[in-house]
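Got chain X; can you put chain D on it based on the hints?
Protein chains: 2
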Amino acid sequence: MASSDFARLPGFRDFAPDEMALRRHVFGAWGRVARRYAFRQYDGPPLEPLELYVEKSGEEIVGQLYAFTDRGGREVAMRPEMTPSLARILAERSRAMPKPIRWFSTPQLFRYERQQRGRLREHFQWNVDIVGEAGVSADAEVLAVALDGLRELGLGPDDVRARVSDRRLLAAILDGLGVSPDDHVAAFGVIDKVERQPRERSLERLTDEAGMSSAAAETLLSLLEEGDIDDVRTTFGDHPAVGEALDGFEAYLGLLDALGFGAFIDFDLRIVRGLAYYTGIVFEVFDARGELRAVCGGGRYDRLLELVGGQPLPAVGFGMGDVVLTELLRDLDRLPDVAPGVDYFIAIIGDDLRPRALDLARQLRDAGSSVAYPLKSQAVRKQFKAAENEGAKRVIVMAPDEVERGEAVVRDMESGWERTVSLDRLVGALEGE
Amino acid sequence: MASSDFARLPGFRDFAPDEMALRRHVFGAWGRVARRYAFRQYDGPPLEPLELYVEKSGEEIVGQLYAFTDRGGREVAMRPEMTPSLARILAERSRAMPKPIRWFSTPQLFRYERQQRGRLREHFQWNVDIVGEAGVSADAEVLAVALDGLRELGLGPDDVRARVSDRRLLAAILDGLGVSPDDHVAAFGVIDKVERQPRERSLERLTDEAGMSSAAAETLLSLLEEGDIDDVRTTFGDHPAVGEALDGFEAYLGLLDALGFGAFIDFDLRIVRGLAYYTGIVFEVFDARGELRAVCGGGRYDRLLELVGGQPLPAVGFGMGDVVLTELLRDLDRLPDVAPGVDYFIAIIGDDLRPRALDLARQLRDAGSSVAYPLKSQAVRKQFKAAENEGAKRVIVMAPDEVERGEAVVRDMESGWERTVSLDRLVGALEGE
Numbered sequence: 001m002a003s004s005d006f007a008r009l010p011g012f013r014d015f016a017p018d019e020m021a022l023r024r025h026v027f028g029a030w031g032r033v034a035r036r037y038a039f040r041q042y043d044g045p046p047l048e049p050l051e052l053y054v055e056k057s058g059e060e061i062v063g064q065l066y067a068f069t070d071r072g073g074r075e076v077a078m079r080p081e082m083t084p085s086l087a088r089i090l091a092e093r094s095r096a097m098p099k100p101i102r103w104f105s106t107p108q109l110f111r112y113e114r115q116q117r118g119r120l121r122e123h124f125q126w127n128v129d130i131v132g133e134a135g136v137s138a139d140a141e142v143l144a145v146a147l148d149g150l151r152e153l154g155l156g157p158d159d160v161r162a163r164v165s166d167r168r169l170l171a172a173i174l175d176g177l178g179v180s181p182d183d184h185v186a187a188f189g190v191i192d193k194v195e196r197q198p199r200e201r202s203l204e205r206l207t208d209e210a211g212m213s214s215a216a217a218e219t220l221l222s223l224l225e226e227g228d229i230d231d232v233r234t235t236f237g238d239h240p241a242v243g244e245a246l247d248g249f250e251a252y253l254g255l256l257d258a259l260g261f262g263a264f265i266d267f268d269l270r271i272v273r274g275l276a277y278y279t280g281i282v283f284e285v286f287d288a289r290g291e292l293r294a295v296c297g298g299g300r301y302d303r304l305l306e307l308v309g310g311q312p313l314p315a316v317g318f319g320m321g322d323v324v325l326t327e328l329l330r331d332l333d334r335l336p337d338v339a340p341g342v343d344y345f346i347a348i349i350g351d352d353l354r355p356r357a358l359d360l361a362r363q364l365r366d367a368g369s370s371v372a373y374p375l376k377s378q379a380v381r382k383q384f385k386a387a388e389n390e391g392a393k394r395v396i397v398m399a400p401d402e403v404e405r406g407e408a409v410v411r412d413m414e415s416g417w418e419r420t421v422s423l424d425r426l427v428g429a430l431e432g433e
Numbered sequence: 001m002a003s004s005d006f007a008r009l010p011g012f013r014d015f016a017p018d019e020m021a022l023r024r025h026v027f028g029a030w031g032r033v034a035r036r037y038a039f040r041q042y043d044g045p046p047l048e049p050l051e052l053y054v055e056k057s058g059e060e061i062v063g064q065l066y067a068f069t070d071r072g073g074r075e076v077a078m079r080p081e082m083t084p085s086l087a088r089i090l091a092e093r094s095r096a097m098p099k100p101i102r103w104f105s106t107p108q109l110f111r112y113e114r115q116q117r118g119r120l121r122e123h124f125q126w127n128v129d130i131v132g133e134a135g136v137s138a139d140a141e142v143l144a145v146a147l148d149g150l151r152e153l154g155l156g157p158d159d160v161r162a163r164v165s166d167r168r169l170l171a172a173i174l175d176g177l178g179v180s181p182d183d184h185v186a187a188f189g190v191i192d193k194v195e196r197q198p199r200e201r202s203l204e205r206l207t208d209e210a211g212m213s214s215a216a217a218e219t220l221l222s223l224l225e226e227g228d229i230d231d232v233r234t235t236f237g238d239h240p241a242v243g244e245a246l247d248g249f250e251a252y253l254g255l256l257d258a259l260g261f262g263a264f265i266d267f268d269l270r271i272v273r274g275l276a277y278y279t280g281i282v283f284e285v286f287d288a289r290g291e292l293r294a295v296c297g298g299g300r301y302d303r304l305l306e307l308v309g310g311q312p313l314p315a316v317g318f319g320m321g322d323v324v325l326t327e328l329l330r331d332l333d334r335l336p337d338v339a340p341g342v343d344y345f346i347a348i349i350g351d352d353l354r355p356r357a358l359d360l361a362r363q364l365r366d367a368g369s370s371v372a373y374p375l376k377s378q379a380v381r382k383q384f385k386a387a388e389n390e391g392a393k394r395v396i397v398m399a400p401d402e403v404e405r406g407e408a409v410v411r412d413m414e415s416g417w418e419r420t421v422s423l424d425r426l427v428g429a430l431e432g433e
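Chains as they are written, first to last, in this note's numbering: chain X, 1 to 433; chain D, 1 to 433.
It cannot be assumed that every hint is accurate.
Pairs involving identical chains hold if they fit within one copy or between any two copies, as the list cannot separate such chains.
In silico DMTMM-like cross-links for lysine to aspartate or glutamate, where the CA-CA straight-line distance does not exceed 25 Å [to be verified]:
| hint | residue 1 | residue 2 |
| --- | --- | --- |
| 1 | Lys385 | Asp208 |
| 2 | Lys385 | Asp158 |
| 3 | Lys376 | Glu306 |
| 4 | Lys99 | Asp18 |
| 5 | Lys376 | Asp247 |
| 6 | Lys99 | Glu414 |
| 7 | Lys193 | Glu407 |
| 8 | Lys385 | Asp247 |
It should be emphasised that the hints constitute simulated quantities derived from the structure, not laboratory data.
Values in this document were obtained by computation on a predicted structure and should not be read as measured data.
Just chain X, same shape as in the assembly (with noise of 0.2 Å):
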């Protein structure tokens, strides 16, 4: 049978040990990060009700749902994002929870997209969020651990840049802009594209979909192009909604400083995310060079836990992708050496000697060292070899001769040196190193 009849699915990934030790480097990182911060970790089922994403996920991850129906007629997909598992199971939980709860998670999520270069199909997501607490206090520390995720995985400013904005900041500028609160959405729609259509496209739109008088869409466009924050409070200042939203902005941006990550944060009202369910602020974390897709997402969703039933909850959280991350981190070369590695390798002369041997690799193994051992008689120039594919740092020899005195040869790889040990204090006199 030919094994083009097995090939893995397209889009999915395999990780073979060094693929797979450089996803545990990256998920140290978030792990470790997320504990310091201190976040809990949680998990729900990859497999959830496909009425769970239907109506709160947006039309364009509905459509790119691996969804069936199961033996028992049930409706499902598997998980495409992580949140509608959050809310789900807060809204079975939450009642009896401390607030803010402070949750992160690490699931595989699946989409059905088309099939492009770098595109995948599975992703693993980083997810972290703090529910039950409206304030920016909350909006500050759940990107500061995002930042702290990337730092920890040796990205700095000058590499990443979060581009943070305020969904009622902008609603409060349409607002002064004489927008109607009716063609907010249409105004959001064409401002989440602003980046990927010429200049012109965007003024059209603002004026036929937004229904924005030609001055106010190039005041919009301007502000969205080139504006900081001192700009907003010059031309709107005087607006009372855009006042307050920019204080509660600024207070959020302090808040950061303070926490170390200002270095690392532009002010950028194009920043929408597409997502239907968030309701403040937002942001995406991309690479320096603009090369990449968004590395990290996310912002408040304030009324998405009551949506799914649960107990009326603000939330913040974000989602911190792998696939984008470790192209990143392989293009600045900041991707650790993943090469096997193992603490000792016995070398067995003689298969006489085989439980001895045995014994000595229980007993070094008791000690936490990681220990192998040839599984059949072997030349020793074999057992050496084997010890290099193993990453060997020490190969103990075993021989007959060294073994009936009570000692066995100890051979540092890196060095070559080599010493005689007594077997009976090899374990302790090796730990103790």
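Just chain D now, kept in the frame of chain X:
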């Protein structure tokens, strides 16, 4: 909208943080032990082509697959076991790899089983395999990993028993009893069920289905029920195939002794393992009281890689599920305390001090500590309550008078002991302890 609209699927688990901490406890032991035995971690996709399981996994599994047609018209299935994925990955990559290959994984697996108490539709499974070595050293090494994983979780030979057999030995015994090779599959089928059906029924089936004489069936059944290795040698010692299989099996037991696990082992010819692909030594690990389903099962499968189009490589491995294991650990009270815990909670008296508090949080986190602080202004009493909820070991109180003097009060939450520390030296002073 009622929350019941969004209940999780039956047979699937949510892992809130306390449950997740228990899962991490088990996964942690699995990973540490696998690495001590020089195994490297891999992973594959949770969704695979359906055909990967058809014919190779046995009818029972195929009837329980979460299988569907994806948006591209492909027949796909959520993985019900890991070994076919391992075989697929190695079929593509093994030629370039040094042998033996020592890999482990902890996949989540899916089966649509009929709903019964304690039966789930997903579980996590520790998969450990050695590929490329046919000798019993590999069989012993693999079972030692399984038993050391259980030992790492606090289980000894009084808690769990490994029941080991060899399908080659059983086949040789059947030969010795005059069962034609054509009837071996039928005989194996009866033997696999011996413990779950009345003795009379087994005798009847052995004569009816496997063409055995009543005397031969009686001899076999007695061996299955209480035969030790000496009984086998006494009864069939002059049959060369039995003698050869016994020699190998005894060498295997000797290696397990040398590796320190002899006390866990029971010879038991009734262990056959349902899956079609096993070819040699097989084993199952049970709780010693025999109250639960198998904690672990595995064995040698020398033909599977060839079946999926790869190099013909001998292989041996096991799968250990998290559900039964965690049940057993809970029954025996061997699960750890999983209460939340952070190193520091910073209480903030007066919001003017918030930036100073966040700066201190940053320093402590940079030094590797876990830190929480209130995300809004709160009375001190409430902040201490929050610190308790977070399981804080220490509370650092940032209060106006002390901060003006460059100091903060640090309270040890267990002892209640308080002292005043200089803010400049606080991080170093606390970390140094």
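### Task
Tell me, please, which holds for Lys376 and Glu306 at an alpha-carbon limit of 25 Å: within, between, both or neither?
between (63 Å within a copy, 22 Å between copies)
### Query
When no copy is named, should Lys385 and Asp158 be tagged within, between, both, or neither for a Cα gap of at most 25 Å?
Classified as neither: same-chain Cα gap 43 Å, cross-chain 41 Å, threshold 25 Å.
### Query
How do Lys99 and Asp18 come out at 25 Å by Cα distance, when the copy is not named: within, between, both, or neither?
For Lys99 and Asp18, the Cα distance is within 25 Å only across copies (16 Å; inside one copy 40 Å).
### Task
At 25 Å max between alpha carbons, let me know whether Lys385 reaches Asp247 within a copy, between copies, both or neither.
Neither way: Lys385 and Asp247 sit 66 Å apart in one copy and 30 Å across, limit 25 Å.
### Message
If the cut is 25 Å between Cα atoms, do Lys99 and Glu414 qualify within a copy, between copies, both or neither?
### Response
between (53 Å within a copy, 23 Å between copies)
### Query
How do Lys376 and Asp247 come out at 25 Å by Cα distance, when the copy is not named: within, between, both, or neither?
between (72 Å within a copy, 16 Å between copies)
### Query
Is it within a copy, between copies, both, or neither that the alpha carbon of Lys385 lies no farther than 25 Å from that of Asp208?
So Lys385 and Asp208 fail the 25 Å test inside a copy (72 Å) and across (55 Å) alike.
### Alpha-carbon proximity context of Lys193 and Glu407, limit 25 Å
For Lys193 and Glu407, neither the intra-copy (73 Å) nor the inter-copy (51 Å) Cα distance is at most 25 Å.
Checked against the numbered hints above, the structure breaks hints 1, 2, 7 and 8 and satisfies the rest.
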